[in-house]
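The whole structure should be built from the sequences, with the hints applied where relevant.
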Amino acid sequence: MATVKQIFSQMRTTANSIASTYLGADITALPKDVRCGDAAELAISAVIVKALLDKGVLTAADLTNALNSGATDSWDQEPTNP
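So in our numbering, spot 45 of the sequence shown is number 45, and the numbers just go up one at a time.
Calculated directly from the structure, the hints in this document are not laboratory data.
Any given hint could be a false lead.
What the hints assert, rightly or not - In silico BS3-like cross-links for lysine-lysine, where the CA-CA straight-line distance does not exceed 27 Å: (1) LYS5 <-> LYS32; (2) LYS5 <-> LYS55; (3) LYS5 <-> LYS50.
Written out as structure tokens, the structure reads:
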């Protein structure tokens with residue numbers, strides 16, 4: 001069973017991929033306080049996802065599919081930064 005830290009890591013990897021690939025942003029170049037705020041939001045989301053996984057509402061495959069979809073399909077129509 002995945003830990004909150006593992007879920008957080010998967011979500012952070014996906015968020016960084018979306019930011020760089022589709023939005024043209026380098027997350028590592030942001031100020032530390034901004035990165036910390038983003039990480040805190042992801043951590044809260046990871047706790048919620050963990051609870052849903054533990055309750056059987058989501059499966060690990062559901063999570064993986066959602067993250068993969070989020071990193072590819074849903075951003076195809078979004079404009080990139082100029």
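Notebook entry, point to check: Is LYS5 close enough to LYS50, meaning Cα to Cα at most 27 Å?
Noted result: 10 Å, holds
Margin query: Can you confirm whether the C-alpha distance between LYS5 and LYS55 stays at or below 27 Å?
Written below: 18 Å, holds
Note to self: Checking one constraint from the list: CA of LYS5 to CA of LYS32, max 27 Å. Satisfied?
What the structure shows: This hinted pair holds, its Cα atoms lying about 20 Å apart.
In this structure, none of the earlier numbered hints is contradicted; all agree with it.
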